[in-house]
Structures are given as structure tokens and as C-alpha cells.
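Q: Sequence:
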Amino acid sequence: MDGLNDTHSLGSLGSGGFMPFGVKGILRGAATCFYAFVGFDCIATTGEEAQNPQRSIPLGIVISLFVCFLAYFGVSSALTLMMPYYQLHPESPLPEAFLHVGWAPARYVVAIGSLCALSTSLLGSMFPMPRVIYAMAEDGLLFRFLARIHSGTRTPIVATVVSGIIAAFMAFLFELADLVDLMSIGTLLAYSLVSICVLILRYQPGQEMKMEEDELELQEETMPETENLTLQALFCPSNSSPTLLSGQVVNVCSSMLALLLSVLCLVLAQWSVPLFSGDPVWIAAVVLLLMLITGITGVIWRQPQSSTPLHFKVPALPLLPLLSIFVNVYLMMQMTAGTWARFGVWMVIGFAIYFGYGIQHSLEEVKNDEPPLKTRTRTVEFDLSST
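Counting with the UniProt record's numbering, you get residues 1 to 387 for the letters of the sequence shown.
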């Protein structure tokens with residue numbers, strides 16, 4: 001038993017020490033266990049039931065995430081201190097740890113807690129999903145029959161049954177680890193898209209400005225000179241509030257940043273060995289990517305932001321959303337090839353439904369395609385002197 005605390009090769013058990021599988025192993029585990037923080041978005045679906053949603057929803061999200069962090073951090077620390085990692089049973093680490101330290105009855109407490117946690121997880125997963133399906137089906141993005149409401153309970157009964165059947169079918173076909181990885185990579189992608197949306201929407205013109213421009217077009221009045229895309233417009237825009245041009249600039253720059261950050265994360269995750277060993281080709285590629293990312297970020301930073309008052313506003317734009325995108329995409333790059341293959345099949349099915357049915361039946365798309373009604377102002381004078 002001597003030397004077990006030393007750092008040496010243990011085969012499939014790593015190299016020992018505090019990080020037996022290195023930084024890459026920590027990031028791989030973080031990408032897999034990201035599902036532990038899934039579900040806080042359910043709080044946002046209760047906005048109509050909250051008395052003060054502008055305050056209670058952001059506060060509830062932050063508090064729930066902090067409590068989850070403390071719980072997982074505490075359990076991980078306890079397992080690390082109670083028992084060597086290579087003796088933990090992957091299927092039941094907590095019962096084995098309590099048995100190792102002589103607290104055998106605690107195994108039953110953990111088993112009861114696991115059943116309660118499983119029920120909570122099922123409720124947290126199956127509660128929002130039918131409502132998301134119902135909202136999409138009501139708009140036309142999904143099949144209309146999924147939007148049927150039960151006459152007694154006023155709940156989306158068809159969406160609940162269909163989502164439950166699909167979940168049970170996938171649980172029957174795939175291993176638990178595969179489902180966890182699939183859920184993690186999908187959640188990371190969704191959070192990355194949210195960060196991109198936050199970045200784009202902050203720099204878009206307000207609805208009032210768009211309505212004013214539409215009215216000017218419809219009334220065929222003299223329009224001011226059209227803004228041209230120049231170097232000055234990129235780094236020193238003349239307007240202090242967002243315009244259509246500045247919004248389009250941010251749209252293009254955000255798309256380019258998403259692509260460049262994805263390439264950078266792919267290089268850092270898959271070709272880190274030649275990069276950190278000093279290969280000049282990979283170093284030059286990373287430096288070029290960083291220069292492009294910095295320049296495009298500077299362009300977005302110089303664009304005017306929307307002054308619309310919000311109760312829950314993301315600070316430090318554009319850096320914080322870009323940092324979120326980088327971390328999420330980098331964790332996605334830590335996933336295995338099998339996870340990416342299953343995720344690709346799932347995305348193909350989703351794209352087929354969207355482009356084959358949803359894009360043609362969406363009510364929002366039909367509403368956007370309708371030409372706006374032209375309004376004319378007419379002055380009517382009444383002569384009341386004769387009366």
C-alpha cells in the first residue's frame with residue numbers, strides 16, 4: 001500500500017495526485033456533469049403566476065443556482081476526503097463511501113434521498129417540456145394536435161403524453177451516460193444561443209424607431225440620407241442610439257465571433273498538445289484567431305447600446321456573453337465522438353421538422369409576411385354655426 005499517494009501511472013485510473021487525469025479530465029467531467037445545473041429555466045415559465053416577476057424571477061434563478069453549487073461542491077468535497085477516488089464505485093459512490101468509513105446505515109438514507117431526487121428530476125424535466133411543445137405547436141412550429149388542451153385540467157395533455165413516450169423510448173434505447181452527455185451538449189448549445197441573443201438584442205434599435213421608419217416609408221415622405229457602412233461607422237458611429245445599420249453590423253459581427261470562437265475552442269480542445277509544445281503553425285493560427293476575435297469584439301463594443309430600461313440586465317457587454325459562449329463551446333468540444341454523432345442525428349430530425357413543416361405553418365412567419373396597413377391622416381372640419 002506504500003506509495004499510493006505518490007504521482008505515478010495507475011493505468012486506467014490516471015496518474016494519481018489531486019488531478020489524476022489532468023486539466024483535460026476535469027473539463028471532460030465538467031462537460032458531462034453540466035446537466036446538474038439544468039432546470040433553473042423552469043422558474044422563468046412561472047412569470048404569470050409571480051406577484052413581482054421582475055424581481056422574483058432573477059432572484060430565484062440566482063439563488064437556485066447558488067444552492068445547487070453548494071450542494072454539489074459539498075458532496076464532491078466529502079467524497080474526495082472520505083475515500084480514494086480509485087476505490088469509489090461509479091454506480092453508487094456515496095453508499096460505498098459511507099461503508100468505507102464505517103457508517104453502513106447511512107447507505108439507506110442515501111438510497112431514500114436518491115429516490116426523492118429522481119422524482120424531483122422527473123418533475124423538473126416533464127413539467128416544462130409539454131408547455132414548450134404546446135407553445136411551439138400553438139404557433140405552428142410543431143404539429144397542431146400537440147396544442148390540444150384537456151377540458152378538465154386545462155393542461156396540454158397530448159404534449160405531456162407524447163413527450164413522456166419519447167423520453168421513455170430514449171431511456172430504453174440508450175445508456176444513462178449517453179443520455180447525460182446528450183442532454184449536456186444540447187443544454188450547452190442552448191445556453192450559447194441565449195448568450196448570442198443577449199449580445200445581439202442589446203444593440204438593436206427600439207420598436208418605436210422601427211415603427212417611425214415604417215410610417216415614414218408608408219407616407220412617402222422625404223427620408224434622410226441612408227447610412228453607409230464606412231470605417232467610421234464601425235469604430236466611431238455618429239448616433240448615440242442604435243440604428244438599423246448598427247444593428248446589422250452587430251448581427252454580422254456576432255455571427256463571425258460565434259464561428260471564430262468555435263474554431264478556437266476546437267483547436268484548444270483537440271490539438272492542445274502540439275500547440276503547447278511550441279508548434280509555430282498552431283501558435284500562429286491561435287494568434288490570428290485571437291486578433292480577429294479582439295478586432296470584431298472592438299467593433300461591437302463601439303456600437304451604441306439600447307437604452308430601454310430593464311429590471312434584469314446583463315452587465316459587461318460584449319465581454320460577458322462572449323465569455324459564456326467560449327466556455328460553453330469549449331465544454332462541448334470535450335464531448336466524445338459518439339455524443340456528437342447522436343447530437344447530429346437529433347439536430348437533423350429537428351431541422352427536418354422545422355424546414356419541412358414549421359417554417360411553412362408558423363403564425364409568426366405569416367404575420368411578418370403580411371404587408372402593413374397604410375394609414376392616412378385626414379382632417380375634417382365641421383361648421384356648427386348654422387345650428
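What the hints contain is simulated information worked out from the structure, not anything from laboratory work. We put the CB at the ideal spot given by N, CA and C, even for glycine. Mixed in with the good hints, there may be bad ones.
Unchecked claim - Pair by pair, the computed Cβ-Cβ distance ranges are:
| # | residue 1 | residue 2 | range |
| --- | --- | --- | --- |
| 1 | Arg148 | Thr294 | 48 to 54 angstroms |
| 2 | Ile166 | Leu259 | 27 to 33 angstroms |
| 3 | Met183 | Leu320 | 21 to 27 angstroms |
| 4 | Gln232 | Thr294 | 17 to 23 angstroms |
| 5 | Ile63 | Met291 | 37 to 43 angstroms |
Q: Are the hints correct? Go through all of them and say.
A: Comparing the hints with the structure gives:
Checked against the hint of 48 to 54 angstroms, the pair Arg148 and Thr294 passes, with Cβ atoms roughly 51 angstroms apart. Distance hint check: the CB atoms of Ile166 and Leu259 are about 32 angstroms apart, consistent with the given range 27 to 33 angstroms. At roughly 25 angstroms, the beta-carbon separation of Met183 and Leu320 lies within the given 21 to 27 angstroms, and the hint holds. Gln232 and Thr294 have their C-beta atoms about 20 angstroms apart, which keeps the hinted 17 to 23 angstroms range intact.
A C-beta distance of roughly 40 angstroms is found between Ile63 and Met291, which places it inside the suggested range of 37 to 43 angstroms.
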